[in-house]
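Per this note's numbering, the sequence shown starts with residue 18, numbered consecutively.
Think of the hints as simulated: they come from the structure by calculation, not from any bench.
If a hint is listed, it holds; no wrong ones were tucked in.
The calculated lysine to any residue pairs, modelled on SDA-like cross-linking and capped at a C-alpha distance of 25 angstroms, are:
| no. | residue 1 | residue 2 |
| --- | --- | --- |
| 1 | Lys66 | Gly83 |
| 2 | Lys66 | Asp77 |
| 3 | Lys161 | Phe109 |
| 4 | Lys66 | Thr112 |
| 5 | Lys161 | His130 |
| 6 | Lys161 | Ser82 |
| 7 | Lys161 | Leu126 |
| 8 | Lys66 | Gln96 |
| 9 | Lys66 | Ser82 |
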Amino acid sequence: MKGRNAEEVADLVDFAIAGGLDLSFIEEMPLGDVGRSRGESFCSSDEVKALIAARHALIDSAEQSGGPARYVRLPEHPQTRIGFISPHSHNFCATCNRVRLTVEGRLLLCLGHEHSIDLRALLRRHPTSDQPLIDAIHAALQRKPLRHEFSHAGEVQVLRFMNASGG
Numbered sequence: 018m019k020g021r022n023a024e025e026v027a028d029l030v031d032f033a034i035a036g037g038l039d040l041s042f043i044e045e046m047p048l049g050d051v052g053r054s055r056g057e058s059f060c061s062s063d064e065v066k067a068l069i070a071a072r073h074a075l076i077d078s079a080e081q082s083g084g085p086a087r088y089v090r091l092p093e094h095p096q097t098r099i100g101f102i103s104p105h106s107h108n109f110c111a112t113c114n115r116v117r118l119t120v121e122g123r124l125l126l127c128l129g130h131e132h133s134i135d136l137r138a139l140l141r142r143h144p145t146s147d148q149p150l151i152d153a154i155h156a157a158l159q160r161k162p163l164r165h166e167f168s169h170a171g172e173v174q175v176l177r178f179m180n181a182s183g184g
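Start from the sequences, fold in the hints, and give me the full structure.
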C-alpha cells in the first residue's frame, strides 16, 4: 500500500530469496468499508514489480499454479519466484476458476460480488441426499459472473470483508 508498506517490498523479496521461498503480491481488493480512500493507497502490481526490478533482474515466466498469479523469476536466484495477483491492473476474471464457501455455508461465486448461494439451507432441507446440493452447485457455476464489481477508484462495492469470504 502506498504510504504504508510499499518501501518494504524489496526487503520482503530479499527475505524470500534468503529462505528459498516463493512470494506473491496481491493488489488490495476493496472489500468492506475501511474508513479511508483506497484509491490514494492503491499500489498496482506494475508498481510493485518496478520496486523489485530496482534491486533485482526479473524475467517473465509462463509458469502457472492453477490460480490467478502471474510469475516472474529472478535469474540470480532461480529457487525463488515472485507472483502477482492483479484484479485491477491486469484483470483475470475471464480465466477465474475460483469460488469460496463461507463459514455460514454460502457459496460465493466471485469475491467482487455480494450475491451468493445458500448451501447450508439446502443441506438442511435435504439431509439425506447429495443430489440437490450437486444440482445447486452446478446451476450456480453456470451463473458465475464474467467480471468483478471492484471500483478502480477504490469505492466500496462489496460490503463483506475478506475474512468473512472463506477460502
